[in-house]
Amino acid sequence: SQQGEEDPQALSIQEGENATMNCSYKTSINNLQWYRQNSGRGLVHLILIRSNEREKHSGRLRVTLDTSKKSSSLLITASRAADTASYFCATEGWDSGYALNFGKGTSLLVTP
Amino acid sequence: DGGITQSPKYLFRKEGQNVTLSCEQNLNHDAMYWYRQDPGQGLRLIYYSQIVNDFQKGDIAEGYSVSREKKESFPLTVTSAQKNPTAFYLCASSPVQANEKLFFGSGTQLSVL
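Which chain is which? The protein sequence lines are A and B, in order.
In terms of my numbering, the numbers along the first sequence are unbroken and rise by one, the last being 112.
In terms of my numbering, the numbers along the second sequence are unbroken and rise by one, the last being 225.
Here chain A stands alone, though its shape is the one from the complex:
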């Protein structure tokens, strides 16, 4: 069952701009994760934020979590063409042994 839902579905920006994508989920969580997928490849883990955290940074990535609104955002600062990829949020599935549920993703295009 898909719990996370990303917004927007697609985002196009120029190099140097910031990219923000959002994720909404339905049930309570222990943590929320963001993954990146280059076309035709597997997913790569970017960052994990726990339910008792409000903000987390990793390099040019900033993730926020608002458990009251059941939402998270991923900010990529100073985007590069190499950031072009699809980005997915994931939460654990309470009814599937904590296997992760993924949203449909945001497709990010960064043009030079």
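Keep in mind that a hint or two might mislead.
The calculated DSS-like cross-link candidates involving lysine-lysine, where the alpha carbons are at most 30 Å apart (straight line), are [to be verified]:
1. A:70 with B:169
2. B:183 with B:121
3. B:121 with A:104
4. B:213 with A:56
5. B:121 with A:26
6. B:195 with B:121
7. A:26 with B:213
8. A:104 with B:169
9. A:70 with B:213
10. A:69 with A:56
11. B:169 with B:213
12. B:195 with A:104
13. B:169 with B:195
14. A:56 with A:26
15. A:104 with B:213
16. A:69 with B:213
17. B:121 with B:169
18. B:126 with A:104
19. A:69 with A:104
20. A:26 with A:70
Now the in silico label distances, taken between C-beta atoms and shown as ranges [unchecked claim]:
21. A:16 with B:193: 34 to 42 Å
22. A:8 with B:120: 30 to 38 Å
23. A:75 with B:128: 46 to 54 Å
24. A:30 with B:163: 18 to 26 Å
25. A:109 with B:124: 29 to 37 Å
Per the computed footprint, the stretches of chain A lying under chain B, defined by three or more beta-carbons under 8 Å from a beta-carbon of chain B, are [stated by the list, open to error]:
26. 12 to 18
27. 33 to 42
Rather than coming from a laboratory, the hints here were simulated on the basis of the structure.
Keep in mind the model is a prediction, meaning the values are calculated, not measured.
Beta carbons are placed, not taken as given, at the ideal position from N, Cα and C, and that holds for glycine.
Following the hints, complete the assembly by docking chain B onto the known chain A.
Then chain B, alone, in the frame of chain A:
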């Protein structure tokens, strides 16, 4: 190199045929997962295994089967009962349980001839 290896990268299935996708990991992870990804879609869970010789159905298990005879290996068979098998299949693993970080293979694209 440590990681997850999926093979083959591309696979073609004839109607009525069963095909098996391989997934091997050398990360010493207990849990392994199979996801299906359709174009422009998210990942949907097919099967998962948290320990050797045990596995559970995910959201879309019909038409698929798995085995977990060794910790390192979690092959997925797409049976002839799966009427719409064309998709990108991703295998993943995690140390204990998946609400921590998942490690993914590079995927297998399955197409129907």
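> Are the Cα positions of residue 26 of chain A and residue 213 of chain B separated by 30 Å at most?
Replying inline: Between residue 26 of chain A and residue 213 of chain B the Cα gap is close to 20 Å, so the pair holds against 30 Å.
>> Would the hint linking residue 121 of chain B and residue 26 of chain A be met if the CA-CA limit is 30 Å?
In response: Violated, at about 34 Å.
> Hey, residue 69 of chain A versus residue 104 of chain A, does the alpha-carbon distance stay inside 30 Å?
Replying inline: holds, 20 Å
> Between residue 195 of chain B and residue 104 of chain A, does the CA-CA distance stay at or below 30 Å?
Replying inline: It holds: about 23 Å lies between the C-alpha atoms, which stays within 30 Å.
> Is it true that the C-beta distance of residue 16 of chain A to residue 193 of chain B lies inside 34 to 42 Å, as the hint says?
Replying inline: violated, 51 Å
>> Given the hint of 30 to 38 Å, is the C-beta distance from residue 8 of chain A to residue 120 of chain B inside that range or not?
In response: holds, 35 Å
> Is the straight-line distance between the alpha-carbon of residue 104 of chain A and that of residue 213 of chain B 30 Å or less?
Replying inline: Roughly 19 Å between the alpha carbons, so the hint for residue 104 of chain A and residue 213 of chain B holds.
>> Next pair to validate is residue 121 of chain B with residue 169 of chain B; report whether the Cα-Cα distance is within 30 Å.
In response: holds, 24 Å
>> Please verify whether residue 56 of chain A and residue 26 of chain A have alpha carbons no more than 30 Å apart.
In response: holds, 21 Å
> Does residue 169 of chain B lie within 30 Å of residue 70 of chain A when you go C-alpha to C-alpha?
Replying inline: holds, 27 Å
> Is it true that the CA of residue 121 of chain B sits at most 30 Å from the CA of residue 104 of chain A?
Replying inline: holds, 23 Å
>> So if I understand the rule, the pair passes when the alpha-carbon distance is 30 Å or less; does residue 26 of chain A with residue 70 of chain A pass?
In response: Holds - the C-alpha atoms of residue 70 of chain A and residue 26 of chain A are around 7 Å apart, at most 30 Å.
When held up to the earlier numbered hints, the structure conflicts with 5, 21 and 26 and fits the remainder.
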